[in-house]
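Peer 1: For the sequence shown, this note's numbering assigns the number 1 to the initial residue and increments by one for each residue that follows.
Where hints are given, some of them may not hold.
Straight-line distance between alpha carbons at most 27 Å, and here's what the computed DSS-like set of lysine-lysine pairs gives [claimed, not checked]:
1) Lys-17 to Lys-29
2) Lys-13 to Lys-30
3) Lys-22 to Lys-12
Because the hints were derived from the structure by calculation, they are not lab data.
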Amino acid sequence: MGKCLKGESEVKKKQAKFKCEKCGAMTQKKAHLCKPKKVKQNKSDKHKA
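The whole structure should be built from the sequences, with the hints applied where relevant.
Peer 2: This is the structure:
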């Protein structure tokens, strides 16, 4: 889909919405990853912010 980030995440783990299955990079936008997969957020992580 998008350009490979080669494992370098754009955002912190708690802010990430998508993770690349290929290289493991994390981002908030699906189009920034080559093989995106939606990340599930823990309920406890949402309240800590």
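Peer 1: In ascending order, which of the hints set out earlier in this document are inconsistent with the structure?
Peer 2: none
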